[in-house]
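Model the placement of chain B on the given structure of chain A, informed by the hints.
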Amino acid sequence: MQTTRTVPVASQMGMDQYAISDSRRLAGRALIILTSLGLAAIVLVQTLHAFAVIDLGFENWRPTLYASLVWATALGAGQVMIRGEAGHRALFLLPALLFTIAMVIFPTFFGIYIAFTDWNLSAFEGQKFNGLENFYTLIHDAYFWNALLNMVYYVLGVLVQYVIAFGLALLLNADIRARKFFRVAFLLPFMLSPVAVSWMIGKSLMEFRFGPLATLMRHLGWDNPAFFTTPWIARLSIMLLDAWVWLPFMMILLLAGLQALPKEIQEAAKVDGATPWQSFWQITFPLMLSVSVTAIVLRIIFQLKLADIVINTTSGGPGGATDTVSSFIFREYRDRSNVGYGTMVAEVYLIIIIVFVSLLLKFVGRWMRRENEA
Amino acid sequence: MTKASTPRTQPIDQRSIASLERLGFIGGRLLIYGTLLFWAFICLFPIYWTVTTSFKTAVNVTQGDIVPFIGRFMGDWRGWRSLGLSPDSIFEISTVRDEFLLRFENSLIVSTGGAIVAVIIGSLAAYGLSRFKYKFGPWRNKDISFFFLSQLLLPPVVLAMPFLVLYKELALLDNVIGLILIYTLTVLPIVIWIMRDQFDTIPIELEQAALVDGCSLWGAFFRIVMPIALPGMVAAFILAFVLCWNEYFFAALLTSTNAKTLPVMVASQTGSQGISWWSMAALSTAAIAPLILIGIFLEKYIVKGLTAGAVK
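From first to last, the protein sequence lines are chains A and B. Under our numbering, the first residue of the first sequence carries the number 81, and numbering increases by one thereafter. Under our numbering, the first residue of the second sequence carries the number 24, and numbering increases by one thereafter.
For reference, chain B alone in the conformation it holds in the complex:
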């Protein structure tokens, strides 16, 4: 800190320095906004590209048209028609659309299920770890917390094969319940991490007062603590939901026809060479649309979930 406190320059001419600083300020602003805009472009362009490509025709793709309604690129529904989601085909029977909706529904069920189970058992555990002292043999709270967190280390590949065999024996293969269980496992450490941070910030006096008034442990938890911790739970839920929605590895290995989720469908479509860009772009757009909406409207919660516990 000693260096920072030494004065930098002698004031020679107040006016020229003021104008120089003004110039530097404007230059700095330009640089900041320039970089910000450049990065926003990098983040948004692939999304823009995908959405517009879903309205392209073959000639637009080969000519590399980028801006719609200029020159050749007038927009065409063929990408969406191949998905059965264009205005003229939406009321007709479409097997692709049925397939897509089934995958979409699977993704929805699996992500919601996994996130809800994880938030319920994770919140309970986090509350316990935040408030009570446990002793399981040589294990104390710290060790139990570490045990939960250490699950983050486990790469999916280690679990994949044993689960394939286990699920075959349990008749859970290609079954949404099986996926929900494994997704709960993968997001549980994150949920516990977030919720513990949440509960640690709630003053313990609130529950103590409730307990003195004759509230049971569970009553205090559900009526006093949970309403306060609700934003944290929502954040944990949304983050867990997004992670489950995007999960590909387990879904690819553990499902085949019934429980296949959206990422697996997208991956299998992109894998085949013949498929046209507009159909692929339409499928990708439909697959990422919910996530973009979540990102725009629930950004606050995502950030809250990501930063819980990291900043102390």
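Isolated chain A (complex conformation):
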């Protein structure tokens, strides 16, 4: 193979020169071009092999992966050879950039292709192009719209979490003893894996017969404490679980914001005789606005991916009341092997997310500017 041979030669040439000579620049260009050609050749051969046009080729695409790695290395080395110092600078960024592009661009485009096929992994015939059919199915799929509506509830739940998290952050920021203990205790739920939490809380603490939470509820007068059988109660239970896991995240962000506030202003307000209530609304809250917005936006972005807890506690039930879009697609993949349709839902969901978050950011940006001017 050409690709593997050219690398050592090129690096020998590049090593001992500091000023960039024409020959070095030329060698750099040649290196990049040769490795690119080599990679293209391997991809071409493998593609032809995959479509059974020729016999020559490898049994899987793994060699193509190695060839891409060689190509990426050559690209980096070539940058240094052609551009010297500037090439070194590019070398800092290139690995992460190439990695991300390679890992995201391909799946995105391939995903779009899958979305337009009728592809069921358990069916024998494999994939076949079926145009917009998946999309029409999606438009008429009540379960999808139901899951999307649930996402609205879950996202709105973030605002409630924000209020609680702000309260906790204020408490932790107050002049208290054993702050370290409380901080660690409050942070712990965030560390635990949502899968374990699903069992610990969802399936054991909230268990109908023996769970202590159910027992407590019986004592409090709820005769039939079934947390996951009626739609709204199930949804609230999932929100509760989700809040338990994610509250620490917002709390930590807000606490950091509170600790960064200048102490003088609050003390000045106190001297001037402002009540704690006044000084919170007039001083602390406005100053915390940007941290709050960051926390809420980040949290909403994470919330849009909510899946683990739902999959492991209710699998979307009862009747889809707790379904998130992600858990819906997960079931579509794993239980029905319905790859084409599941991917179409995923792509549509991605577009919805992008539009929603851009609108959110735009709205937040405009609002913040107005607040700052006022």
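Careful, some of the hints might be misleading.
[Unchecked claim] Partial chain A-side listing against chain B, Cβ under 7 Å, derived:
id : residue
1  : N140
2  : W141
3  : P175
4  : A265
5  : P269
6  : L272
7  : V377
8  : I381
9  : I409
Keep in mind that the hints were calculated from the coordinates and are not lab data. Each residue gets a CB set at the ideal place from its N, CA and C atoms; glycine is no exception.
Okay, now just chain B, sitting in the frame of chain A:
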């Protein structure tokens, strides 16, 4: 601010106001500590419940015993025995324990691998973005940073199917390397976010001095900047590690027998109805134990990682 500066009350009787304030102060303290303790209870009780349940017997579970060594609940190793991790079974051969240790090891390899790769390439990129001006076609630093951050938006479901097919072709399915790659992708934006914040706080003069003294770009990075940014890198590593350790979605879809991680094992055990609470609790306890230790001893780093860049 005008409202806050108006005096609130006229001083009528200094002494009664002082005692009233004292009373209010004590009441406020009680309220604060009461709420704090209540919330600490909410956070810790599920963990306590899980750990104690792993020592229960059937009758303890059905009777809802909560406090050990009182009445019936004397502690029993059967939950841990079913995992092969109780004192009497630890030296015997246990397939469940082997399975558990294999999953544990997979989780360890995958999380460490993903976090290390992400921290290495993420730190380099973050350093570049913090110090140099890039131009890739129409893209400037800001656009590149945004590109990295925008990956946070991508829900795992969008990548799942293409990756399943891609990994099948690359023979990376059910392979720890495949999981490491995808975990690197998912934590990379967070690592870059944290590290950029770190590098931005390091004064550029330090490297300039080193460069003048004849240090190369890489020398300046490794010998001058990296030691200073090390706490940030540790924070990024730990946060990335925890996120990878807890990841379930990709692990469930992309692994089957070899590379299955701990969360997948926990999920498959809880999914089955017949399994007893004590075994489940023992498994959960073992799965969350490393995280609790990290949470207790490395809390500082987690907080540092979470708050980087959020507070300006």
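How the hints compare with the structure:
no., hint, result
1, N140, "holds (5 Å)"
2, W141, "holds (4 Å)"
3, P175, "holds (4 Å)"
4, A265, "holds (4 Å)"
5, P269, "holds (5 Å)"
6, L272, "holds (5 Å)"
7, V377, "violated (10 Å)"
8, I381, "holds (6 Å)"
9, I409, "holds (4 Å)"
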